[in-house]
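Enquirer: Sequence:
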Amino acid sequence: MNAALDQQRQPSDALLLEAVNALPDPEIPVISLGDLGIVRGLHREQGTCVVSITPTYSGCPATETIRDDILALLKARGEAQAQVVIALSPAWTTDWISEEGRNKLKAFGIAPPLRCLNKPGLIEGNVSALGGEHAHRVFPLKRMTTLARVQCPRCESEVIESISEFGSTPCKAIYRCLACREPFDYFKPY
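Take the position in the sequence shown, starting the count at 1, then add 69; the result is the number in the working numbering.
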């Protein structure tokens, strides 16, 4: 009986996960939680709908808001029992931002982070709980600091200068393009 019930739920669970992935990030609302890559999965435990997320960093101030938004969505979709689990391991990496998410950041005037994959000093990890494109990933041992290829999101020049390592949110820094003279946020790679 449970197997039949689980089979009936799978399409609705997939739709729930799709809806969770479509929620906007509270700090950068042009990008969704799915595009940001913080939604790790949705499953059921003893009748409770459980969504796992990995915040962009362990002290992210938006984590509570994201949790509340997910719970409100699940309640609105008829889930009487729902829970959001914060999974800190493996740590989120900017490599989990989708290509569409990177394009949305750039269109909004935020330079997307450089990719950390396939660089020296990386370790491989098997993260089967993530599934899909995140099932087997390479994780950086430390934050990449080079700005050699960061481009201005407006004119795409690589001739930039650092204004501040801290921007409007802790995950962004402020730079200025020396070609078009416009300041811009840069999403720091992790």
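In case anyone wonders, no lab produced these hints; they're calculated from the structure. A couple of the hints might just be wrong.
[Stated by the list, open to error] Label-pair distances were calculated between CB atoms; the ranges are: (1) S233 to A160: 41 to 49 Å; (2) I232 to V119: 38 to 46 Å; (3) A83 to Q150: 29 to 37 Å; (4) P252 to H112: 37 to 45 Å; (5) V119 to R218: 21 to 29 Å; (6) L247 to G116: 17 to 25 Å; (7) C224 to D137: 16 to 24 Å; (8) C224 to S167: 19 to 27 Å; (9) A88 to G178: 22 to 30 Å.
Even for Gly, the Cβ is constructed at its ideal location relative to N, Cα and C.
Enquirer: Could you run down the list of hints and mark each one as holding or not?
Expert: Going through the hints against the structure:
1. At roughly 24 Å, the beta carbons of S233 and A160 sit outside the given window of 41 to 49 Å.
2. Distance hint check for I232 and V119: the Cβ-Cβ separation is about 42 Å, which falls inside the suggested range of 38 to 46 Å.
3. As the Cβ distance of A83 to Q150 is approximately 19 Å, the hint placing it in 29 to 37 Å is violated.
4. With their beta carbons about 43 Å apart, P252 and H112 fall inside the hinted range of 37 to 45 Å.
5. The beta-carbon spacing between V119 and R218, approximately 39 Å, falls outside the hinted interval of 21 to 29 Å.
6. Between L247 and G116 the C-beta distance comes to about 58 Å, which lies outside the given range of 17 to 25 Å.
7. Taking 16 to 24 Å as the suggested C-beta distance range, the pair C224 and D137 does not conform, at roughly 38 Å.
8. Our hint of 19 to 27 Å for C224 and S167 holds, since their Cβ atoms are close to 24 Å apart.
9. For the pair A88 and G178, the beta carbons lie near 28 Å from each other, so the given range of 22 to 30 Å is met.
The structure fails hints 1, 3, 5, 6 and 7 (numbered hints given earlier, in ascending order).
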